[in-house]
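Got chain F sorted already, so can you dock chain Y onto it with the hints?
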Amino acid sequence: MARIDGIGDRFETLLAERLRERDRAGRGQCPEVTLIAAYCDRSLAGGERDAVERHLAGCALCRAELSSITTAAHETQAARAGEPQLRRWWSSASVGLAVAGSIAAVVAIGLGRDYYDQEARAPAQLAMRTADRGAGAISGQTRELAARRIAPRAQMEANASVAAIPAAPPPAPVPFAKAPQGLLPRATGSSAVRPKAPMMMAGMGVNAGNIVAGNAVGGASAPSSGQQSRTFARPGWAYGSANSPDGAVTWKFGRHGTIERFVTNATTATHVPGVTSDLLAGSAPSSSVCWIVGRGGTILRTTDGIHWQKIGTPTSSDLVSVTAQGADSAIVIDLNSHRYATSDGGQTWQPQ
Amino acid sequence: MAAAETSEQFIARHGAAITQIYSRSGAAAYRVDPEALAEALYRGACSLPEIGIHAAGRYLASVHAEDLALACALMLGDTAAWEEFMTRYRPALYAAARAIARDEARARELADSLWAELYGVRADADARRPILAYFHGRSSLKTWLHAVLARRNVDMLRAQRRDEPLDNTNPRHLAIEPDLPNPDEARYLALIGAALDDALDALKARDRLRLAYHYADGLTLKEIGALMDEREWTVSRRLKRTRESMRKKIERALRAAGLGSEQIRQCYDYALEGWSFRLKRGASSAPPAVETAMQQQPGSSFKG
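As they're listed, the protein sequences go chains F and Y.
The opening residue of the first sequence carries number -18 in my numbering; numbering runs sequentially from there.
The opening residue of the second sequence carries number 8 in my numbering; numbering runs sequentially from there.
Isolated chain F, as found in the complex (with noise of 0.2 Å):
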């Protein structure tokens, strides 16, 4: 058969248009999270392979959720591995612009589509009332991972080594039937038992940049007001940070009611007395005020960035976001959705 010349763009033209239509038409229910998340990691055998692809291969909404966590995948690994995170192909303009302009066809024209498990959506609908829409903490990721980038994870973990904290002893399992609230245990439990970690006084940040990982180069002294102030050189201990706005200060908490406070070359960390309970998340207005939140309705504020408050607390529900808008006005969310929110500093909270 003789090839007909001159035709090649406008088949290609034509296979392109033709390929975007069978995406807006749809074709059958989208797998579900798991046989999505399995292809990702390559573990789905040739048949479910094979359906995978037939289905990807008609779906814009699926491959542009495949790309979205492969790029997820690429850039959580480069921000473990402590490398600096250089622009690459997968977090590229033209991926973003490909992934986002395939989400959005969909979404404009796919709406009416049942493309998951339904059983799954519920619970996913309700979660989705918690969101706090603030962006104070994601600001102090962000810081999180820069800091991660210049104190090297090897020598995180060599600081780790000589700081010596005591692990906390192996806490009492949890009964499921007997703990409602929470998979975390309270802090009266394994909080309350766990030995007071030793103060650390000698130099051993790594001092890189305008941050010093790991140790309180400056601020060994206990702060006036009876806090005490200590290193936290274990890595890992944190479940978060909030950083100002004008990013001079960040505020690491985790565990056990611990804080640190990150300002150019010097770390102090800080336990506020009486608070034991694991800290969730944060939310700093400014430089000098902040709010955290967590387990079992805890609520602490600084307004000087240095000396902790216990504020009044509208529920005993684990708290899992805060939007602070200044030192007196916050908002705050407990695991079940319930918002409140002050404005006289936390002497009251209002329902929301």
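Because the hints were derived from the structure by calculation, they are not lab data.
Keep in mind that a hint or two might mislead.
As the list claims (entries may be wrong) - Okay, the calculated bits of chain Y under chain F, using three or more residues with CB under 8 Å as the criterion:
id: 1; segment: 115 to 124
id: 2; segment: 156 to 164
id: 3; segment: 213 to 219
id: 4; segment: 263 to 276
Note that beta-carbon positions come from the ideal geometry of N, C-alpha and C, so glycine has one too.
Here is chain Y on its own, set in the frame of chain F:
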């Protein structure tokens, strides 16, 4: 797995494999007993789309045992497991949300909501199945969490745009237009449309997926290679081969319908003209939403 198989039958049939999985999973360190892990494996086997003992065997052979044990321990409320999860996965969860959403506020919302749900797994455990029960160890826990985030991100976008008008472009671009001036045009469009669809349907799923990535999504060869675990040159070679084979198939089908070279060329012209017409007609609906989202997504402030 046989659909009618009970948990006890499953455990009896695969006892040796389950014991081996238990020993390499580290479940004992989290105080997860063998029965709990076996139950989780049974749930995983029940979720398999394929039925049969071989499918269950393959699942057990490839299961991510350590991650499944961790998920079991989390559901059972083991303190050490939660500490492990908090330190290893929570920061990664937020980083992944940023990478997926590419918008600070939405990333925070995504990660917070998922975290709250994971953390509050026991809050109303009686009322619904905890989300971790959907993790069957068929992938790593990390990848699964990323997949959940990615799907919810799309969910969120869909919810935000639910009120926007839908694209009113004709979904069947090669459908016969009612007012075509040329009687041949309708026939040519129908012929080339059918030939193109037949050629696409005849492709292997993987070949069609490669085409979709390249032509529908506009990904580069390198990007496609990363997604499909292929080298760049392999993607290029296979795309070329698929293209060639499709062109030949379409041409063969059109010639079988009695068309000559010039008429085949005419088929393509008609099809593309029809497209331009429909694109102009539908231009007022789709682009704003797409453009808005595309402007919002990339770049953002996720410089790391």
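Here is how each hint holds up against the structure:
1. 115 to 124: Held - the segment 115 to 124 of chain Y has 9 residues with a Cβ nearer than 8 Å to chain F, which meets the minimum of three.
2. 156 to 164: It holds: at least three residues are needed, and the segment 156 to 164 of chain Y offers 9 whose Cβ sits within less than 8 Å of chain F.
3. 213 to 219: Three-residue rule met by the segment 213 to 219 of chain Y, so holds; n is 5.
4. 263 to 276: Coverage by chain F holds here, the residue count being 5 at a Cβ distance below 8 Å.
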